[in-house]
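Given these sequences and hints, build the entire structure.
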Amino acid sequence: MLSIAIAVSSCSSNKKAVTTKFDPNNNPYYVKKEKKGLSEVNDPKIQGEINAIIEKHLGISISSIAISPITLTNSRYHWKFMNVRNGKSFIGSTDINFESVKIIKNNKKSNTQVSDF
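In the working numbering, the protein residues as written are 3 to 119.
Derived from the structure by calculation, the hints contain no laboratory data. Be aware that one or more of the hints could be misleading.
[As the list claims (entries may be wrong)] Pairs of lysine-lysine, BS3-like flavour, derived with a Cα cap of 25 Å: (1) Lys90 - Lys58; (2) Lys47 - Lys58; (3) Lys82 - Lys107; (4) Lys58 - Lys107; (5) Lys104 - Lys47; (6) Lys104 - Lys82; (7) Lys82 - Lys47.
Given below as structure tokens:
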């Protein structure tokens with residue numbers, strides 16, 4: 003009987019929306035990403051071209067690859083990607099017409115943890 007009374011009273015009480023007081027300006031652990039002259043590319047055609055470049059370079063399916071957002075500077079697309087099977091990471095860039103592709107292996111220290119790809 004007591005459990006029924008508790009259940010009824012908990013279901014009928016006033017509910018308040020959950021709010022947060024998170025302020026990134028006052029949090030020393032919050033990392034602000036500054037984008038100077040960069041714009042993120044959301045065009046599916048360009049993303050498909052870059053995915054095809056990555057698949058061709060690694061020789062594996064795009065489902066085994068983690069890729070960062072693609073950014074556009076004045077004349078080039080830039081992105082980072084990682085083979086999730088073996089942990090190798092790369093930095094890629096290409097010109098606007100996809101004629102000059104450059105992929106560099108990202109050599110990181112052995113004790114480095116990847117927390118923001």
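Going through the hints against the structure:
1. Lys90 - Lys58: Roughly 16 Å separates the two Cα atoms, so the pair holds.
2. Lys47 - Lys58: holds (17 Å)
3. Lys82 - Lys107: holds (10 Å)
4. Lys58 - Lys107: It holds: about 15 Å lies between the C-alpha atoms, which stays within 25 Å.
5. Lys104 - Lys47: holds (19 Å)
6. Lys104 - Lys82: The hint holds at about 12 Å.
7. Lys82 - Lys47: holds (18 Å)
When each numbered hint is compared with the structure, no violation occurs for any of them.
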